[in-house]
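In the order they appear, the protein sequences are chains P and S. For the first sequence, the working numbering assigns the number 1 to the initial residue and increments by one for each residue that follows. For the second sequence, the working numbering assigns the number 1001 to the initial residue and increments by one for each residue that follows.
Certain hints may be false.
Under the rule of at most 16 Å between Cα atoms (straight-line distance), these lysine to aspartate or glutamate pairs were calculated in the EDC-like manner [what the hints assert, rightly or not]:
# : chain 1 : residue 1 : chain 2 : residue 2
1 : S       : K1020     : P       : E622
2 : P       : K479      : P       : E622
3 : P       : K386      : P       : D194
4 : P       : K562      : S       : D1034
Calculated directly from the structure, the hints in this document are not laboratory data.
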Amino acid sequence: MKVILILSFFISFHSTSFAQTETAMGMGYPSGFGGFGSGMGFPGTYSGSAPKTFDVSGSPDISIQIGDNKKSISCSLDAATKIYVCPNSGDTILVKPSTYGFSALGRDEKKAATLLNLSHIEAAGKIVYDIPPMPPGFGMGMGGGYGGYGDGSVKPNLTKDLNLDFRTRVSNIDEFFGTGSPLRDERRKKGSADYEKVVQSFMDEKQNIQDVIKKIFNEKNYSVELDDGQKVNCERSSMRELNEQQKYYRDHMSVNFKCGAFKCDPIKVDGKEYQVTMLYDSTPGSFASGSIHLMDNDGIGPEKSIKKIFASQSATPLLDNSYYLENANKSFNSNYISNMLPASLKQDRDKISKYKDPSFEQLIAYNKSICDDSDKALDNLLEGKKKLVSKLANLEMAQFIQVLGGGSLVGQYVDPTLAPQLGCLYQGVYLNEEAARNLDRLKKNIHPDDHVEQTISLERATELFNQAAGMKDIAWKYKPDGCYARAHLMARRFEAQGVRVDKVWIKGDLYVPGTGIEWNFHVAPIVYVEDDKGNVQKMVIDPSLFEKPVTVEEWDHKMAKKTAKGSVVAAFPFPENSAFMERSTLSFSSSDPYLPRDNINMSEADKMEQANDTMSMYKAVEPK
Amino acid sequence: MKTLIALILIFSTTTAFAEKSLEIKTHVVKMAMDGNNMYRLELREFAAVYHADEKFAPCLQTSIKEKKQAMLKVTAQSLVVLECKVN
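Sequences and hints are given; from them, build the entire structure.
The structure is reproduced here in structure tokens:
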């Protein structure tokens, strides 16, 4: 069962893991943070979580109770804004109806703006709302749904850092008043002088927080505590001159560009000294958790994580990752990636999973565009990453082919130590149960018949090539896509002339230099050419890339690869995780498969219809 | 009159150079952020790498996670997603 679970994980990884959008750099924050914590249901009179509007419009005065405090506070309606003003020993509370009931903005014991838990409201002597106070961690406010940690499954005992403080306090104020941008600030409904005085006190508080925090978050030097307790000083790199587009964003869209690359003191691990670079987007309110990178002449060094980041002006850390380090050692993405990697990588497995995270290069690219990298720290990190992940290229992997529920064929590289437990072995390839059951239909695709009787001469191959290039219904001038449709139409037309045709597929991170073409895979028909001495060679007919038939090697070399290793040969369907494993893969099949993830139940008529439809679509947009 | 001719010329020139678009039905297999804050897409029924802005992430993710067909409007040559719909 475990094996099946691991396998499902392997396979689903490539369908889902990169779909994450949240994780930017390292550890993600728990879901539901600061959002609506709906779905918990209100016990008692108002059970259930369905949105409900409570009508108190007829009551100029209400009384409220906060949390488990039984003290009633009287409130008067500010007619212009429809917000109740509740004087409370100098800390006036504001209450307004919201989608789910009411929201209340007041101050906590430290006099900081906070959304309060309303537990009881009376209007005109009638109870309008009454619920028991929420336990800690379910900080929804009375039906307001603001603040707190909406996902009740997440333990709320997070250390409060300045970043979190900034987000909660400022967003509490902005959410209550609907402010947060110059336009929204201007549109805020104005009320009586008394009401405006209270509003101003919150706006002043917001401004103070922003001023202080912006200053701290812009500091050049930070002290960083690592997960092993070591402390290092890090200095922010200088900015380079922004390009025109960045200047436009800065000047017209208030985008604040700030270098997030820091050079830190060298540190020693096991007696070896490493250069240290920190990547940290110190933008107030950012969800970034920062990352630390150790390098020496051999490349990327041991793994370290940031526990806390301090600025000289504040005893409270800007960032405190303690909770995440204790509860989840690695990012969501890294866990996925780590589970994809063979155990034979040993200690490199965690490192590779960290650097394979797509957000790493994104972060480097961003910082390279705005930071002065004259000491090449960022370039060196990229080089270090390349060197590290190139270890994947030479790993021995097994190939696993599955027929999935809907009939789709899928190939994957898998850990060879796990492969025997995944399925049965057929000619060097592991098959799942469904694939094995359909072996009679699949085997000519997994390994096409090597015994070829219908060979042709090179002249005949050239004739077929010219014939194909002259096929008017094929969109030859439309280069970006459609190879599968072209290959299928050519194959069937050559076969109709008695020629043996198979297909060659290539999978990887492919591009054709100088053309702007990028492919996830490419396919073309092959014919078998016999020379005067009786030698038989596969020749590719691909007028989209060449002007004559070419060998498979020539065809392969035409496409450049962004992976560490060149092409290797595997069975069809090619492993979809080829590029992830830092290689491109050539596969040969019969002429039957239309797409690499073919549905084995797809009829030939359907394939031809799809091929013709695809060519018609591309014909309409091909350059004249 | 001259202004009108100039406007017609400008209009026809820009129209001629404007990239055509295609509407495709597909299943999104994978999306990975590149260095330019754009997603590189792998589509089950297509061979090329397509590109999408961050704003299409929810739609694209729905196609991946729920294995649903997505209707994409894309530029014909540069293969950039202009619209995304999943039923």
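Okay, the hints, checked on the actual structure:
{"no.": "1", "hint": "K1020/S - E622/P", "verdict": "10 Å, holds"}
{"no.": "2", "hint": "K479/P - E622/P", "verdict": "8 Å, holds"}
{"no.": "3", "hint": "K386/P - D194/P", "verdict": "63 Å, violated"}
{"no.": "4", "hint": "K562/P - D1034/S", "verdict": "13 Å, holds"}
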